[in-house]
Amino acid sequence: MKKTTQHNKIITGLDKVKQDILEILEETYQGTSTALNFSTPFELMVATILSAQTNDNQVNKITESLFKKYRTPQQFSTLQPEELEQEIKTCGLYKNKAKNIIAAAKLIQDQFDGQIPQTREELMLLPGVGRKTANVILSNAFGIPAFAVDTHVFRVSARLGLSSGTNPAVTESELTALIPEEKWGDAHHWLIWHGRKICIARKPKCSLCPVNQLCPSNQEYEEAK
DNA sequence: AACTCGGGGCA
DNA sequence: TGCCCAGAGTT
Numbered sequence: 001m002k003k004t005t006q007h008n009k010i011i012t013g014l015d016k017v018k019q020d021i022l023e024i025l026e027e028t029y030q031g032t033s034t035a036l037n038f039s040t041p042f043e044l045m046v047a048t049i050l051s052a053q054t055n056d057n058q059v060n061k062i063t064e065s066l067f068k069k070y071r072t073p074q075q076f077s078t079l080q081p082e083e084l085e086q087e088i089k090t091c092g093l094y095k096n097k098a099k100n101i102i103a104a105a106k107l108i109q110d111q112f113d114g115q116i117p118q119t120r121e122e123l124m125l126l127p128g129v130g131r132k133t134a135n136v137i138l139s140n141a142f143g144i145p146a147f148a149v150d151t152h153v154f155r156v157s158a159r160l161g162l163s164s165g166t167n168p169a170v171t172e173s174e175l176t177a178l179i180p181e182e183k184w185g186d187a188h189h190w191l192i193w194h195g196r197k198i199c200i201a202r203k204p205k206c207s208l209c210p211v212n213q214l215c216p217s218n219q220e221y222e223e224a225k
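Residue numbering for the first sequence follows my numbering, starting at 1 and increasing by one per position.
Rather than coming from a laboratory, the hints here were simulated on the basis of the structure.
Cβ atoms here follow ideal geometry from the backbone N, Cα and C, with glycine treated the same way.
Check each hint, because a few of them may be wrong.
The following label-pair restraints were derived from C-beta to C-beta distances [as the list claims (entries may be wrong)]: (1) G92 - S207: 14 to 22 Å; (2) A103 - S33: 25 to 33 Å; (3) K183 - N37: 17 to 25 Å.
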């Protein structure tokens, strides 16, 4: 039983570090979150598909004029790929995205009565919608709790020891268990913001990191310099 | 598990 | 000018 007690103490200590990290991130990045406001779930889906491997700026620049011309699944489903490609050319990967968006619109028309589905399983049937995009739609459009794990969330949470870094789905469940539901939205923004500004993929700026004293990966990056 | 799509941002 | 990137699909 002594072993069990000791084990519990170690787990508690680790959890304390995780909570400290999350608290510092919260203080550091408060007010930096940007709301995802689109008038319909379908528009959010289109914008989220467009944002893959692309700077948000590129998407924000075109969505207003794009949705002024086309808004509904019905309207997108009748587009020719070349028409949509022209509209979204500045977002990168545009041929795939155009094809997927049109196909998704058709599927919503044909199989979902023109309404975008509200379960992850059904959302992931839509071309161009993977687990991350499905979770973005669930949480932002329908208020259904779902932690969207993109590459930033995946990398940063793994480096900080908040997750195992096995794969995005595992990270999703680990963060879901670690962070209180009412803070998922904030935590998501902190991790992404931190990943963009400080904990970047190559040569992370550990000296500027507000949690570098608590981070299990800090030493390794400092030594690598 | 590796490859592909791709223009824009940034060193 | 070259390298990298807020994913998802295919093989």
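Now the hints, each set against the structure:
1. A hinted range of 14 to 22 Å for the beta carbons of G92 and S207 is inconsistent with their spacing of about 32 Å.
2. Here the CB-CB span from A103 to S33 is close to 32 Å, well matched to the stated 25 to 33 Å.
3. The hinted range of 17 to 25 Å is satisfied by K183 and N37, whose Cβ atoms lie roughly 20 Å apart.
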